[in-house]
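In order, the protein sequence lines correspond to chains A and B.
This note's numbering puts the first residue of the first sequence at 277, with every later residue one more than the last.
This note's numbering puts the first residue of the second sequence at 4, with every later residue one more than the last.
It is possible that part of the hints are untrue.
[Claimed, not checked] Computed footprint of chain A on chain B; a stretch qualifies when at least three of its residues, placed anywhere within it, have a C-beta under 8 Å from a C-beta of chain A: (1) 40-51; (2) 125-136; (3) 139-147; (4) 222-233; (5) 238-244.
Simulated from the structure, these hints should not be mistaken for lab results.
C-beta atoms are modelled at their ideal positions from N, C-alpha and C, and glycine is treated no differently.
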Amino acid sequence: MYSQGLIGADGRTEETPEFLARFQKRIDAEEKIEPKDEMPEGYRRTLIRQIGQHAHSEIVGMLPEGNWITRAPSLRRKAALLAKVQDEGGHGLYLYSAAETLGVSREEMTEELLSGKAKYSSIFNYPTLSWADMGTIGWLVDGAAIMNQIPLCRCSFGPYARAMIRVCKEESFHQRQGYEIVMTLAQGTPEQKAMAQDSLNRWWWPSLMMFGPHDADSQHSDQSMAWKIKRFTNDELRQKFIDATVPQAEYLGLTIPDPDLKWNEDKGGYDHGTIDWDEFWRVVKGHGPMAKDRIKARKKAWDDGAWVREAALAHAEKRRARKIAAE
Amino acid sequence: MAVWEALLELADDHLVLGHRISEWCGHAPMLEEDLAMPNMGLDLIGTARTLYDHAGKLEGKGRSEDDLAYLRDEREYRNCLLVERPNEDFAHTMLRQFYFAAFMRPYWLAALNSADATVRGVAGKAEKEMAYHIRHAGEWVIRLGDGTEESAARMRDAVEALHIYVDELFDSSDAARMAEAAGVLPVRADLRDTWERTVSEVFAEALLEQPKAAYAQRGGREGIHNEALGHLLAEMQVVHRAHPGARW
Numbered sequence: 277m278y279s280q281g282l283i284g285a286d287g288r289t290e291e292t293p294e295f296l297a298r299f300q301k302r303i304d305a306e307e308k309i310e311p312k313d314e315m316p317e318g319y320r321r322t323l324i325r326q327i328g329q330h331a332h333s334e335i336v337g338m339l340p341e342g343n344w345i346t347r348a349p350s351l352r353r354k355a356a357l358l359a360k361v362q363d364e365g366g367h368g369l370y371l372y373s374a375a376e377t378l379g380v381s382r383e384e385m386t387e388e389l390l391s392g393k394a395k396y397s398s399i400f401n402y403p404t405l406s407w408a409d410m411g412t413i414g415w416l417v418d419g420a421a422i423m424n425q426i427p428l429c430r431c432s433f434g435p436y437a438r439a440m441i442r443v444c445k446e447e448s449f450h451q452r453q454g455y456e457i458v459m460t461l462a463q464g465t466p467e468q469k470a471m472a473q474d475s476l477n478r479w480w481w482p483s484l485m486m487f488g489p490h491d492a493d494s495q496h497s498d499q500s501m502a503w504k505i506k507r508f509t510n511d512e513l514r515q516k517f518i519d520a521t522v523p524q525a526e527y528l529g530l531t532i533p534d535p536d537l538k539w540n541e542d543k544g545g546y547d548h549g550t551i552d553w554d555e556f557w558r559v560v561k562g563h564g565p566m567a568k569d570r571i572k573a574r575k576k577a578w579d580d581g582a583w584v585r586e587a588a589l590a591h592a593e594k595r596r597a598r599k600i601a602a603e
Numbered sequence: 004m005a006v007w008e009a010l011l012e013l014a015d016d017h018l019v020l021g022h023r024i025s026e027w028c029g030h031a032p033m034l035e036e037d038l039a040m041p042n043m044g045l046d047l048i049g050t051a052r053t054l055y056d057h058a059g060k061l062e063g064k065g066r067s068e069d070d071l072a073y074l075r076d077e078r079e080y081r082n083c084l085l086v087e088r089p090n091e092d093f094a095h096t097m098l099r100q101f102y103f104a105a106f107m108r109p110y111w112l113a114a115l116n117s118a119d120a121t122v123r124g125v126a127g128k129a130e131k132e133m134a135y136h137i138r139h140a141g142e143w144v145i146r147l148g149d150g151t152e153e154s155a156a157r158m159r160d161a162v163e164a165l166h167i168y169v170d171e172l173f174d175s176s177d178a179a180r181m182a183e184a185a186g187v188l189p190v191r192a193d194l195r196d197t198w199e200r201t202v203s204e205v206f207a208e209a210l211l212e213q214p215k216a217a218y219a220q221r222g223g224r225e226g227i228h229n230e231a232l233g234h235l236l237a238e239m240q241v242v243h244r245a246h247p248g249a250r251w
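Using the sequences plus the hints, can you model the full thing?
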């Protein structure tokens with residue numbers, strides 16, 4: 277999903293060739309770029325955009341799963357889901373902080389999200405319609421996120437790379453937890469198994485779309501690869517994901533909803549059917565089934581909470597004034 | 004009446020309040036609270052799970068934590084009314100949390116000497132959690148009470164709305180009295196002074212008055228609830244009840 281952070285990214289720079297060569301030399305030597313280091317404006321902007329979109333994805337991503345906290349079918353699942361959604365909020369906070377090291381504030385980023393200027397992963401614009409979706413999201417969506425994020429642990433920008441190490445640990449826990457939910461359903465009653473299959477049918481293709489357009493149609497990959505913000509192409513990551521996931525579905529006795537999916541001995545991986553790119557671009561452009569509702573929910577939380585944030589600031593100010601008066 | 008039923012009352016308090024506060028997840032006024040409220044919810048649900056499990060074992064009819072949580076109707080739920088009150092706004096939510104924690108902290112401290120080993124175990128963990136809830140929710144009561152005009156008015160509304168549910172915290176049902184006599188659970192009425200002290204300290208800083216409630220709403224321990232609880236349970240239990248006997 278996070279490669280979608282590069283859609284529309286503007287990586288152009290105005291710097292001199294000498295400066296850019298010096299910077300590239302550091303990148304090529306696998307040095308980490310730190311917040312106070314000099315960096316091309318395009319590098320900074322690309323990262324602000326990508327980390328911001330990643331943070332927004334975590335925050336908006338709390339909603340589809342939050343939708344099932346109050347209906348989780350056992351107390352153990354309820355506690356685990358609550359903890360998982362909380363982790364996502366924590367990732368958001370962590371990532372906003374990483375983006376702030378590049379000179380943008382959390383408030384600015386939040387306003388860009390709420391105004392629709394900033395994007396977030398399109399996967400969260402699909403609805404969660406059954407309990408099985410809590411398993412499938414962990415298994416496929418977090419699984420796809422991990423494929424994207426493991427290479428980001430080696431991203432050239434230090435704070436992002438370090439944030440990703442922690443995030444990946446939690447995501448891989450979520451992925452296993454999601455798989456375990458689906459496994460329980462797949463081994464359960466016929467109704468539970470049908471619920472799991474229906475969920476896989478709905479989430480499979482959107483999960484493949486999380487890796488972004490085909491390499492041939494991805495405009496910004498080259499510069500991001502050169503700057504080592506990105507280490508693998510969209511298609512490489514998508515292929516890795518499919519190859520890892522197909523045997524997992526087979527083990528569960530579930531069917532991947534792609535009649536063209538078949539093992540290709542020559543390439544040592546699976547061939548898959550055609551992705552519906554019209555749907556992808558529709559959802560990326562904000563026409564996903566839940567797009568309006570997601571932003572409306574975030575905006576409502578933000579607007580309804582304004583008086584709380586104002587009160588906290590007013591109280592802090594009063595405290596400061598009293599302390600000064602007492603000195 | 005039996006001791007396990009007193010544990011059930013306590014478990015219901017924790018589950019219902021944990022569920023209520025979890026309703027905020029993803030909708031909080033700021034990201035920090037999107038993390039803090041699920042944290043408090045997890046503490047409460049965790050305590051509820053151990054208490055349900057223990058109550059089910061003491062009952063001896065093989066009912067699991069999920070049987071007790073998901074297969075009882077509102078008339079069978081025994082939580083106090085305070086915890087089922089709707090979230091309304093952040094002021095109501097934080098005051099409800101503060102009132103409950105200000106009661107449960109001294110309760111669990113007293114329960115450290117319980118005659119029941121499981122209750123002692125729960126108490127050891129829960130008293131620390133409640134101390135944190137008092138601090139977190141109490142700080143918000145202060146910030147909002149002594150914040151802006153609007154926040155102070157909302158905080159006063161919350162006090163007005165929730166105060167009538169305070170007395171019930173200190174009532175002991177027949178089952179609770181049995182557990183108290185057996186040394187399993189602390190005597191609720193004994194905790195009033197500590198609760199008053201905790202609340203008056205925070206209210207003094209929050210510039211809030213503690214009203215003398217003209218009357219008290221009671222009934223939760225007999226299963227006479229407000230109408231809000233039925234909706235909470237309908238939502239909580241819907242998936243579990245739609246698939247009788249399924250494993251999750």
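Evaluation of the provided hints:
1. Given as covered by chain A, the segment 40-51 of chain B passes the check, having 7 residues with a CB less than 8 Å from a CB of that chain where 3 are the minimum.
2. Only residues whose C-beta sits within less than 8 Å of a C-beta in chain A count toward coverage, and the segment 125-136 of chain B has 0 of them, not enough to reach three; the restraint is violated.
3. For a cut-off of 8 Å, the count of residues in the segment 139-147 of chain B with a CB near a CB of chain A stands at 3, and the three-residue condition holds.
4. A count of 0 residues in the segment 222-233 of chain B with a Cβ less than 8 Å from any Cβ of chain A is obtained; the coverage claim is therefore unmet, three being the minimum.
5. Under the rule that three or more residues need a Cβ within less than 8 Å of chain A, the assignment of the segment 238-244 of chain B holds, with 5 such residues.
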